[in-house]
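Colleague: Each chain, written out:
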Amino acid sequence: MKILVGIKRVVDFNVRVRVKPDGSGVDTDGAKMSINPFDEIALEEALRLREAGIASEVIVISIGDSSCQQQLRTGLAMGADRAIQVDTDIHLQPLAAARTMLAVIETEQPGLVILGKQAIDDDNNQTGQMLAALWNRPQATFASKVVVAGDTATVTREVDAGLETIEVDLPAVITTDLRLNTPRFVKLPDIMKAKRKPLEVIAFTELAVSNDNNIQIDHYAPPAVREKGIMVDSAAALVTELKSRGLL
Amino acid sequence: MSEREIMEYDVIIVGAGPAGLACAIRLKQLDVINSTNHSICIIEKAAEIGAHSLSGAVIEPQPLDDLLPGWRDNPPSMCIPAGEDVFLLLSKTGSRKLPTPPQGKNHGNFIVSLGALCAWMAPQAEALGVDIFPGYAASAIHYLADGAVGGVIIGDMGVAEDGSHKPTFVEGIEIHAPLTVLSEGCRGHLSKQLIEKFALDKGCDPQTYGIGTKELWRVAPGKSQPGKIQHSIGWPLDNKTYGGSFIYHLDNDRVAVGFVSGLDYQDPNFQPWEAFQQFKNHPDIKPLFEGGEILSAGARAIVEGGYQSLPTTQMPGAILIGDAAGTLNVPKIKGVHQAIRGGMLAAEHLSETDGSQGFDKKLRASPIMAELKKVRNIRPGFHRGLWAGLFNAAWETISLGYSPWTLKNRSDHTALKKLNDYTSPERNWIKRDLAPRDRLASVYFATTAHDEDQPVHLKVADTNICITQCTEEYGNPCTRFCPANVYEIVADEAGKRLQINAANCVHCKTCDIKDPYQIINWVTPEGGSGPNYQNL
Amino acid sequence: MSKILIIAEHNGVELNNSTAKCVSCAIATGGEIHIAVFSATGNEIAQQASELSGVTEIINIQSADYSHALATTIAPEAALLAADYSHVYGPSSTYGKDLMPRIAALIGVNQVSDIMAVKSSRSFQRPIYAGNAIIDVSVPADQTIVATVRNASWPAAETGGSASMREHTATAERPTHTRFVELASEGGDRPDLQSAKRVISGGRGLGSQENFAIIYALADKLGAGVGASRAAVDAAYVPNDMQVGQTGKIISPDLYIAFGISGAIQHITGIKDAGTIVAINKDSEAPIFEVADIGLVGDLFAIIPEIEAAL
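Order-wise, the sequence lines are chains D, F and P.
If you're matching positions, the first sequence starts at 1 in my numbering and goes up one per residue.
If you're matching positions, the second sequence starts at 1 in my numbering and goes up one per residue.
If you're matching positions, the third sequence starts at 1 in my numbering and goes up one per residue.
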């Protein structure tokens, strides 16, 4: 079984992003770029499934300009067998990203697709679900445990009410939550090996994917600053205040 | 312990700063000319090239012209031609313009971010075939049987605080090479070990240092004058403490501001980070920052000893270059051009000889050393205070360094006086309100990150000394000289003890230098840890 | 005029509060508001939905296939229903986050995630970069708007309404490739720090591991989760997984009470989305008071028993 893992190049989670003063976007000048942390977890899970003998090949895919090859190389260094870059300068929204992945799926025929539950830049949390819908296959989102046996996967999901377990027929789409695993460190010699692994570039235009029905971004602003509130002078006054606000 | 995996190169360069990158680029260029081929790797502990690099920085462009002709057509992302030079003497309430000393004239120079400069040089080195590995710390030296340096050992990853192996544990590999180039920057932790092991500082004065703190601001529109370069001396320092400020006006309303304090200060109660903040809040300085926003912050020790403190820069199997050796020109407060020159010189030497032998002699005969010799007496002239120092500096400048004498340097940690032997001057420091509020807030803008479950990388040999002897003698100066609030004396129900907030560390090395008992040893944390400077 | 369909969230027994929050967002959007209730035997839930003020119609869709809230079975029918609407809203709970993008993809549109505020019927505010930037987005006129509504940004709509009830029989396919196995609540009586509605945190001011007991005791009285500042973690009063802040957990409870926490920016980063922040500290200059909604200066060891007494 092949596993396809989507990885997105994003501003590293340690970097503090700032909105540009003119509200036209977010200033990422000189910022460190990384694999989206949830996607790194997705790749780790795929690698573990391969190491357990369940998967035979792990393919990483990224959509973007040539700069995302850096993240694909990191994915290869972590242990992916090969990489696909769908080359485009357009910042695709989730629907077009899902359509693009579906086009690649039709060629690659993976038994499992694992993605991060969301990218930490746009925070959309859509692509995995959309891909599953367009593919007409099961989705197991927010996974904290994945067990694959035969043609089914049993996935534990982190939901608001606790831990929900579902069983899905393969092929399926799984999206990862933080507690699924801790990704491995890349070993230095593996960086060198990764340079020799195959990285295929497919032009986005070649896939004939429509890029429509997008959401338009009009303006960026920094979040509102929390204002100083009131001071109370006793514990009793505090409790009264909290009760009056319906918080106790 | 299992046998470590081994990779082999012809040359290992430790540290992807300007010296290391220049060395790699030049050596590859010479390979093309000479039809030779050196396999080269650069190990960098920062998660990204440039993320641990911090400097003013106004640079002299000539070495870059030599290394990368045509660079001016494709400059680094932050590169502003130097404009007006301003030199101020501050008092608590006012300021007076002084004539700009010749070393302070910057016409023809460029204001850059050292981090951005390195991030711009690195891909050029990679394009020439250099393997650059950011996120890996060279944690130890690999010695050959005969005692020569044979390479480096990469730090293990995935070690828990108690030393046990986490599930992600990966043993660091060894990298072997006939030659190791140490370009770790000021007070490199491997350089420090090698200087001691090979007694490279025998016959030279002790090395001396300063602590530089820097912030990048976006000021209110219209306040920045791109290219303007302003330096100051005087307040908030007393006359016995060497140091001063810089303000460099960049593009897009950005301004770099920083403050350097000589680490030969005597006052055990002195707070270098607070001195920086006091400077920013000076009535003639503050208006520039009011209405602005701090973008990033950081700190780094700088090497000040110069000519008379330069150690022997070669040893069997290895050489020292850049600030790791100590080639910075203090009166100019510039080290980048010297570092690039040093890296190139090292490359030329390696191309000719493929060994360390003879490098030190070449360095001492080079323009790098001539530049240091000329200004050698200026910095130590300040040992007797600001006015004597300025007078001496004027003499040394007029006489072009031809004085028949060379003033001595002394080690910084011995300069600190005990509480009982010193009366701190009345500093009259003011209540301030510009960001950041405190050192913890400053660390936030350094975006420093360390996995908190890893061994503490600030090794304090005997913490009993801290609570007993040091508290009494010096009042725990580590709690003041550290710009990142790493050291705290905590007194709670468990008693009084030293708490090391290692996760705050910005890798400046000040503690390793200034601790009066020399019991703090800075070692590399897990690769990729540390600050994530953006455009510093 | 806008016609808004809300997909109700429930646990098979009662309507989740998040649905009432969606109604508030829909009211702010303006238009006719309907709620679709997918359930196995959910007349009671549909009844609760009909009482939400501002809602005019409840679409009650019952099938044994809806006995568990699986996106794969609900989405196809919801996408069919959506044809009659300009807007389809769901909560940005894990339920809504799972379901709504699947509906959006079946309709063939991108989704607006996490609506914080409504600017006009087709323009919204939403957070990106973990709330470090807020963007205004708009959706072109001919495009169905599918969106999730950020729970923390909206009050629950009032009750007292009486929407009409429409029974609807699902016609879309209900695939069987996805099967519910079980739902387990996470162990322990104390709520999980990250999902708790109330969180009580302690800092260095507690002084010892033993003293943290009073924090746990108060938390248990309030049904709250327990967190800590990094200083408290570094001093080994509590384990690392309780740390709230930049290098710990980022949380957004309705009520956050900080005892003996100075409020370093690193800590504030972790609580900036909390509904109400209460700070108790003996240092009146502590930076936490600059962001606290309610502050109280004093000794936490005296104040905690007083709070318990006043509850």
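There may be inaccurate statements among the hints.
As the list claims (entries may be wrong) - A partial selection of chain D residues facing chain F, derived with a Cβ cut-off under 10 Å:
id	residue
1	Asp-12
2	Phe-13
3	Val-15
4	Gly-30
5	Ala-31
6	Ile-105
7	Thr-107
8	Pro-183
9	Phe-185
10	Val-186
11	Pro-189
12	Ile-191
Claimed, not checked - Every beta carbon over 12 Å from chain F, so not counted as near; a handful from chain P, in silico:
id	residue
13	Lys-119
14	Glu-158
15	Asn-240
16	Gly-275
Hints were generated in silico from the structure; no laboratory data involved.
Please read these numbers as outputs of a predicted model, since none were measured by experiment.
All C-beta atoms, glycine included, are put in the ideal place defined by N, C-alpha and C.
Colleague: Hint by hint, note whether the structure agrees.
Modeller: Structure-based check of each hint:
Taking 10 Å as the C-beta cut-off, the interface hint given for D/Asp-12 holds, the closest approach to chain F being about 7 Å. At its closest, the beta carbon of D/Phe-13 sits 9 Å from a beta carbon of chain F; the interface hint therefore holds under the 10 Å criterion. Taking 10 Å as the C-beta cut-off, the interface hint given for D/Val-15 holds, the closest approach to chain F being about 6 Å. Because the beta carbon of D/Gly-30 sits about 5 Å from the nearest beta carbon in chain F, less than 10 Å, this interface hint is met.
Annotation: interface hint on D/Ala-31 holds; nearest CB of chain F at approximately 6 Å, less than 10 Å. The closest approach between the C-beta of D/Ile-105 and any C-beta of chain F is roughly 31 Å, which is over the 10 Å cut-off, so the hint fails. At its closest, the beta carbon of D/Thr-107 sits 32 Å from a beta carbon of chain F; the interface hint therefore is violated under the 10 Å criterion. Given the 10 Å rule on beta carbons, the hint for D/Pro-183 holds: about 8 Å separates it from the nearest Cβ of chain F.
Contact between D/Phe-185 and chain F, as hinted, is supported at the beta carbon level, the nearest pair being about 4 Å apart and thus within 10 Å. Hint status for D/Val-186 relative to chain F: holds, with the closest Cβ pair at about 8 Å, below 10 Å. Taking 10 Å as the C-beta contact cut-off toward chain F, the hint placing D/Pro-189 at the interface holds, the least distance being around 6 Å. Evaluation of the D/Ile-191 hint against chain F yields a held restraint, the C-beta minimum of about 7 Å falling below 10 Å.
Distance check for P/Lys-119 against chain F: the nearest CB is about 26 Å away, which clears 12 Å, and the non-interface claim stands. Even its closest Cβ contact with chain F, about 41 Å, leaves P/Glu-158 beyond 12 Å, as expected for a residue assigned away from the interface. Look at P/Asn-240: its CB is around 6 Å from the nearest CB on chain F, not clear of 12 Å, so calling it non-interface is violated. Its beta-carbon lying about 24 Å from the closest one in chain F, P/Gly-275 satisfies the requirement of being farther than 12 Å from that chain.
This entry does not satisfy hints 6, 7 and 15, going by the numbered hints stated previously.
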